[in-house]
Amino acid sequence: MVSFENLSVDGVDEARARLDEISYDIRSIFHGHEGDENYPKYRPVDVVEILIKGLDAMIYVSEELTHQQVSEAELPKINSMIASISFLKKFLSSVARKSRNEISEEYYNMLVGRIEDFGEVIRDVERYFFTRPADKDFVDSANRLFSL
Amino acid sequence: MRIYCTERFKSEYHLLIKNNSYKSLTEALISAFFRGTPDQIMHGVVIIGTGDKKVIKKRLSGSGGFRTYFYAYISGETVYLSYVYPKTGSLGKQSLSPAFEKILINETTEAIQNNNLHLITESSGRLTFSKPGES
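Residue numbers (this note's numbering), protein chains in the order written: chain X, 1 to 148; chain F, 1001 to 1135.
Note that these hints are calculated values from the structure, not bench results.
Since the structure is predicted, the reported quantities are computational estimates derived from the model, not experimental observations.
Every residue, glycine too, gets a C-beta built ideally from N, C-alpha and C.
Check before you lean on any hint, since a few could be wrong.
[Said to hold, decoys possible] Take a look, some chain X residues computed to stay more than 10 Å from chain F by CB distance:
{"#": "1", "residue": "Asp13"}
{"#": "2", "residue": "Tyr24"}
{"#": "3", "residue": "Lys41"}
{"#": "4", "residue": "Val45"}
{"#": "5", "residue": "Pro76"}
{"#": "6", "residue": "Lys77"}
{"#": "7", "residue": "Ala83"}
{"#": "8", "residue": "Ser84"}
{"#": "9", "residue": "Ser86"}
{"#": "10", "residue": "Lys89"}
{"#": "11", "residue": "Val95"}
{"#": "12", "residue": "Ala142"}
[Stated by the list, open to error] Taking lysine-lysine pairs in the DSS-like style, the calculated list, with each CA pair at most 30 Å apart, reads:
{"#": "13", "chain 1": "F", "residue 1": "Lys1053", "chain 2": "X", "residue 2": "Lys136"}
{"#": "14", "chain 1": "F", "residue 1": "Lys1023", "chain 2": "F", "residue 2": "Lys1087"}
{"#": "15", "chain 1": "F", "residue 1": "Lys1087", "chain 2": "X", "residue 2": "Lys98"}
{"#": "16", "chain 1": "X", "residue 1": "Lys136", "chain 2": "F", "residue 2": "Lys1093"}
{"#": "17", "chain 1": "F", "residue 1": "Lys1131", "chain 2": "F", "residue 2": "Lys1102"}
{"#": "18", "chain 1": "F", "residue 1": "Lys1093", "chain 2": "F", "residue 2": "Lys1010"}
{"#": "19", "chain 1": "X", "residue 1": "Lys77", "chain 2": "F", "residue 2": "Lys1102"}
{"#": "20", "chain 1": "F", "residue 1": "Lys1053", "chain 2": "X", "residue 2": "Lys77"}
{"#": "21", "chain 1": "F", "residue 1": "Lys1093", "chain 2": "X", "residue 2": "Lys98"}
{"#": "22", "chain 1": "F", "residue 1": "Lys1010", "chain 2": "X", "residue 2": "Lys89"}
{"#": "23", "chain 1": "X", "residue 1": "Lys90", "chain 2": "F", "residue 2": "Lys1087"}
{"#": "24", "chain 1": "F", "residue 1": "Lys1131", "chain 2": "X", "residue 2": "Lys89"}
{"#": "25", "chain 1": "F", "residue 1": "Lys1102", "chain 2": "F", "residue 2": "Lys1023"}
{"#": "26", "chain 1": "F", "residue 1": "Lys1102", "chain 2": "X", "residue 2": "Lys53"}
{"#": "27", "chain 1": "F", "residue 1": "Lys1093", "chain 2": "X", "residue 2": "Lys90"}
{"#": "28", "chain 1": "F", "residue 1": "Lys1010", "chain 2": "X", "residue 2": "Lys53"}
{"#": "29", "chain 1": "X", "residue 1": "Lys53", "chain 2": "X", "residue 2": "Lys89"}
{"#": "30", "chain 1": "X", "residue 1": "Lys136", "chain 2": "F", "residue 2": "Lys1131"}
{"#": "31", "chain 1": "F", "residue 1": "Lys1131", "chain 2": "X", "residue 2": "Lys53"}
{"#": "32", "chain 1": "X", "residue 1": "Lys89", "chain 2": "F", "residue 2": "Lys1087"}
{"#": "33", "chain 1": "X", "residue 1": "Lys98", "chain 2": "X", "residue 2": "Lys136"}
{"#": "34", "chain 1": "F", "residue 1": "Lys1053", "chain 2": "F", "residue 2": "Lys1093"}
{"#": "35", "chain 1": "X", "residue 1": "Lys136", "chain 2": "F", "residue 2": "Lys1087"}
{"#": "36", "chain 1": "F", "residue 1": "Lys1087", "chain 2": "F", "residue 2": "Lys1053"}
Just chain X, with the same shape it has in the complex (with noise of 0.2 Å):
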């Protein structure tokens, strides 16, 4: 899995080449690797210690993401991305109800924690690249801010 200390991006293509990493290393915990027959059978409480670590990931380069360059040129990227990473959190939500009984309370309330904590960064790079830029008034304070 990867270490969301070590991740560095550098562009929109370079994040997203991390997000689709890191969710590969995810579908790997399920699925296997294609062609790996022996791929390691995990406990439900080793599955939600990775789940979360590769949250912790994801939610880092996604932070990460507002902080590049964007032309207009590549929000249509943008917007794949974030439906990707949508997807890839309700497929998590519904890991986690499903291990609902398999794992500690607290185990259960870290990753649903950490899951929130996902969906709120979604939503603000969301924002950040597609709600905020439209709102005129929004923009027009900020302005004020960065004139200063």
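Given the coordinates of chain X, work out where chain F should sit on it, guided by the hints.
What follows is chain F alone, placed relative to chain X:
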């Protein structure tokens, strides 16, 4: 890195640390803004802005978790803290409305224009707020 805050941030901070559930806020703020590299301090989700001037929402560690809004003037190596709130507990909030975010931005603008800011310093795990120019 110089860390300033608005009157609203200072009031919210003092309100929260009076509550036992939010005692970890001081440690979370110190860890987020007084330790680490400038890149680590600036890490968070950008609300608006690009380049060296951005309004950022940062997740703070600590039980329950906090969020803080700040204006980062990166080339000036200055951070202006505008607001802090917990995610959970009796004073917890899920998120801030765009209207309230705009109020925070306007208040930060006015505080900088009128030099109505508090400088925050850290010593031995405590935060001290002082008005620049006052002894």
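Here is what the structure says about each hint:
1. Asp13: Per Cβ check, Asp13 of chain X is outside 10 Å of chain F; nearest 18 Å; holds.
2. Tyr24: holds (24 Å)
3. Lys41: Holds, because the least Cβ-Cβ distance between Lys41 of chain X and chain F comes to about 33 Å, which exceeds 10 Å.
4. Val45: holds (21 Å)
5. Pro76: holds (19 Å)
6. Lys77: Since the minimum Cβ distance to chain F is about 17 Å, Lys77 of chain X lies beyond 10 Å and the statement holds.
7. Ala83: holds (18 Å)
8. Ser84: Non-interface label stands for Ser84 of chain X: nearest chain F Cβ at 18 Å, farther than 10 Å.
9. Ser86: Per Cβ check, Ser86 of chain X is outside 10 Å of chain F; nearest 16 Å; holds.
10. Lys89: holds (15 Å)
11. Val95: The claim holds: Val95 of chain X sits with its nearest Cβ about 22 Å from chain F, beyond 10 Å.
12. Ala142: Ala142 of chain X not clear of chain F: closest Cβ-Cβ about 4 Å, inside 10 Å.
13. F:Lys1053 with X:Lys136: holds (18 Å)
14. F:Lys1023 with F:Lys1087: It holds: about 14 Å lies between the C-alpha atoms, which stays within 30 Å.
15. F:Lys1087 with X:Lys98: Between Lys1087 of chain F and Lys98 of chain X the Cα gap is close to 25 Å, so the pair holds against 30 Å.
16. X:Lys136 with F:Lys1093: holds (26 Å)
17. F:Lys1131 with F:Lys1102: Answer holds: Lys1131 of chain F to Lys1102 of chain F is near 25 Å, not above 30 Å.
18. F:Lys1093 with F:Lys1010: holds (18 Å)
19. X:Lys77 with F:Lys1102: It holds: about 28 Å lies between the C-alpha atoms, which stays within 30 Å.
20. F:Lys1053 with X:Lys77: holds (24 Å)
21. F:Lys1093 with X:Lys98: holds (28 Å)
22. F:Lys1010 with X:Lys89: Violated, at roughly 35 Å.
23. X:Lys90 with F:Lys1087: holds (21 Å)
24. F:Lys1131 with X:Lys89: violated (45 Å)
25. F:Lys1102 with F:Lys1023: holds (28 Å)
26. F:Lys1102 with X:Lys53: At roughly 34 Å apart (the allowed maximum being 30 Å), Lys53 of chain X and Lys1102 of chain F break the hint.
27. F:Lys1093 with X:Lys90: Distance of about 22 Å is within 30 Å: holds.
28. F:Lys1010 with X:Lys53: Roughly 34 Å separates the two Cα atoms, so the pair is violated.
29. X:Lys53 with X:Lys89: holds (14 Å)
30. X:Lys136 with F:Lys1131: violated (34 Å)
31. F:Lys1131 with X:Lys53: violated (41 Å)
32. X:Lys89 with F:Lys1087: holds (19 Å)
33. X:Lys98 with X:Lys136: Violated, at about 44 Å.
34. F:Lys1053 with F:Lys1093: holds (26 Å)
35. X:Lys136 with F:Lys1087: Roughly 29 Å separates the two Cα atoms, so the pair holds.
36. F:Lys1087 with F:Lys1053: Answer holds: Lys1087 of chain F to Lys1053 of chain F is near 26 Å, not above 30 Å.
In this structure, the earlier hints numbered 12, 22, 24, 26, 28, 30, 31, 33 are contradicted, and the remaining ones agree with it.
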